[in-house]
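2 protein chains.
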Amino acid sequence: MLEAHARAGIRNRLLHKISLEDWDYIGPHLEAVTLKERQVIEVPGKPITHAYFLEIGVASVVAVDAEDHRIEVGVIGYEGVTGVPLILGDTRAQHSTYMQIGGSGHRIPQEVLCGAIAKSDGLRSLFQKSAQGFMIQISHTALANGRAKLEQRLARWLLMAHDRTTSDAVPLTHEFLAVMLGVRRAGVTVAIHGFERKGLVTTRRGQLTIVNRTGIEQVAGSFYGTPEAELKRLLEGK
Amino acid sequence: MLEAHARAGIRNRLLHKISLEDWDYIGPHLEAVTLKERQVIEVPGKPITHAYFLEIGVASVVAVDAEDHRIEVGVIGYEGVTGVPLILGDTRAQHSTYMQIGGSGHRIPQEVLCGAIAKSDGLRSLFQKSAQGFMIQISHTALANGRAKLEQRLARWLLMAHDRTTSDAVPLTHEFLAVMLGVRRAGVTVAIHGFERKGLVTTRRGQLTIVNRTGIEQVAGSFYGTPEAELKRLLEGK
DNA sequence: CTCAACAGGTACGTTTCCGTACTGAAATTT
DNA sequence: AAATTTCAGTACGGAAACGTACCTGTTGAG
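Line order of the protein sequences matches chains A and B.
End of the first sequence = 359 in the numbering used here, gap-free, step of one.
End of the second sequence = 359 in the numbering used here, gap-free, step of one.
If you are wondering where the hints come from, they were derived from the structure by calculation, not from laboratory data.
Where hints are given, some of them may not hold.
Since the list can't tell identical chains apart, any single copy or any two copies may satisfy a pair.
In silico lysine-lysine, DSS-like type, Cα no more than 30 Å apart, as pairs [claimed, not checked]:
#, residue 1, residue 2
1, 157, 353
2, 270, 138
3, 240, 353
4, 138, 319
5, 270, 240
6, 353, 270
7, 319, 167
8, 319, 240
9, 138, 353
10, 157, 240
11, 138, 240
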């Protein structure tokens with residue numbers, strides 16, 4: 122539970138944007154949680170019990186089909202909230218959501234969030250903008266998946282993760298990067314070597330550190346950036 | 122403009138689901154329109170002036186980035202409505218939307234739709250479910266783009282188009298199919314030959330006819346079907 | 001009727017990425 | 001400390017799709 126005066130310490134962009142009068146709907150119902158890597162947030166087909174406002178860490182949203190093909194369609198960090206379907210009135214999870222990079226956050230029960238959105242136009246508007254931003258992110262994942270090279274997609278992913286972490290270290294194995302991008306593990310290894318050779322990252326077993334972010338942005342080109350700019354427009358802009 | 126008694130002739134699933142009391146918000150403001158192929162519905166970065174409830178035809182929603190990479194992320198037909206961002210409180214178009222297969226429908230001005238959604242919980246709920254369904258479609262486009270072979274993606278596209286047309290004929294050139302799938306025109310030609318050889322489709326210049334839908338479904342496998350089933354659950358189901 | 005534009009068939013070398021698999025090094029467990 | 005598991009490096013043949021280009025038949029415009 123968080124009192125109004127405790128909001129100063131909050132990093133989550135959505136919680137930050139909640140107005141004082143709306144805070145009573147949300148704040149008192151938040152439960153601080155530690156989120157370990159690989160921790161499951163949502164399971165496809167199962168009800169969504171809580172929405173998670175992340176502070177630190179990165180959650181992966183993964184689309185799965187009946188033959189178990191899977192690929193990451195989006196990531197969520199301190200800029201957003203999990204449980205996007207709740208915002209649209211659906212309590213069933215469609216995607217698999219889990220922590221890709223461990224961290225922490227605050228969670229709120231599904232009924233409380235839905236009730237709050239129903240009662241406050243301000244909250245609904247805020248969360249809808251967040252949902253819209255996430256939808257744009259998914260669209261651009263579709264674009265990158267269809268058009269970009271492995272190297273560019275990897276760069277895009279690293280940038281999105283970097284945006285959402287506090288350090289330059291990305292604690293992930295090649296294996297998990299491969300699963301998210303929907304490519305071979307060996308392919309990721311080779312691509313990372315390329316990044317290392319160019320001085321963009323350094324690596325240790327199970328970890329990768331971003332050294333030259335600008336260089337990575339150049340690799341990603343315009344496959345990175347649009348969803349980020351649009352989210353900013355939606356949340357900050359007029 | 123459509124009077125309440127005229128709804129019987131309507132094919133659009135969303136208009137159909139509008140309750141009698143909510144109809145006054147929408148029906149009187151509908152303008153019947155013919156929609157020719159290639160007709161532009163939304164331009165990225167520009168305001169969305171109208172939402173289009175399609176009766177016949179297929180609209181393509183195409184993601185574009187700063188370097189003009191583009192790929193279709195979703196299609197809309199009689200089951201839905203264009204202008205999904207409006208439902209989420211954004212009046213700016215993010216994607217390029219245009220008619221891929223000509224047809225007809227009814228359009229409603231942006232302000233009227235937004236106002237109606239603000240006033241009626243029933244309408245908001247309905248349109249939000251539609252938006253949620255569309256989001257699932259985009260996710261699965263991302264999945265197919267990342268994981269499926271050209272042949273499977275083509276099959277998926279044909280099935281989605283077929284779902285939304287009244288005849289088995291799909292009036293499209295290889296060139297446009299290629300643009301939507303984000304592949305070479307020549308690649309589409311070869312894939313279609315494969316379909317022809319298997320007796321799944323027949324072709325004429327600028328047109329393709331679906332002969333064996335079940336066969337095409339087998340090619341697409343589980344890359345097709347999930348969004349369709351989920352939309353049904355959202356709109357029909359409990 | 002002629003001509004230009006368009007749709008589609010085909011080809012070829014090349015790039016990208018896959019499937020698979022073996023290896024050694026690092027970390028974790030016993 | 002030894003055994004086991006996990007992670008990363010590397011290799012190789014092959015599939016898929018690309019970029020490009022050329023050619024032919026159809027269609028629509030003048």
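Evaluation of the provided hints:
In this assembly of identical chains, residue 157 and residue 353 lie within 30 Å of each other by CA distance solely inside one copy; the values are 28 Å within and 35 Å between copies. Taking the shortest alpha-carbon separations for residue 270 and residue 138, neither the intra-copy value of 37 Å nor the inter-copy value of 43 Å comes in at or below 30 Å. In this homomeric assembly, residue 240 and residue 353 come within 30 Å of each other (Cα to Cα) both inside a single copy, at 25 Å, and across copies, at 28 Å. In this assembly of identical chains, residue 138 and residue 319 lie within 30 Å of each other by CA distance neither inside one copy nor across copies; the values are 39 Å within and 57 Å between.
Proximity of residue 270 to residue 240 under the C-alpha cut-off of 30 Å is found in neither arrangement, the shortest distances being 45 Å within a copy and 46 Å between copies. With identical chains, the CA atoms of residue 353 and residue 270 are at most 30 Å apart within one copy only, with a shortest distance of 27 Å there and 35 Å across copies. In this assembly of identical chains, the alpha carbons of residue 319 and residue 167 never lie at most 30 Å apart, being 44 Å within a copy and 39 Å across copies at closest. In this assembly of identical chains, the alpha carbons of residue 319 and residue 240 never lie at most 30 Å apart, being 53 Å within a copy and 56 Å across copies at closest.
For the homomeric pair residue 138 and residue 353, the shortest alpha-carbon distance inside one copy (12 Å) is at most 30 Å, but the shortest distance between copies (35 Å) is not. Taking the closest pair of Cα atoms, residue 157 and residue 240 never come within 30 Å of each other, the shortest separation being 33 Å inside a single copy and 42 Å across copies. In this assembly of identical chains, residue 138 and residue 240 lie within 30 Å of each other by CA distance both inside one copy and across copies; the values are 17 Å within and 24 Å between.
When each numbered hint is compared with the structure, violations occur for hints 2, 4, 5, 7, 8 and 10.
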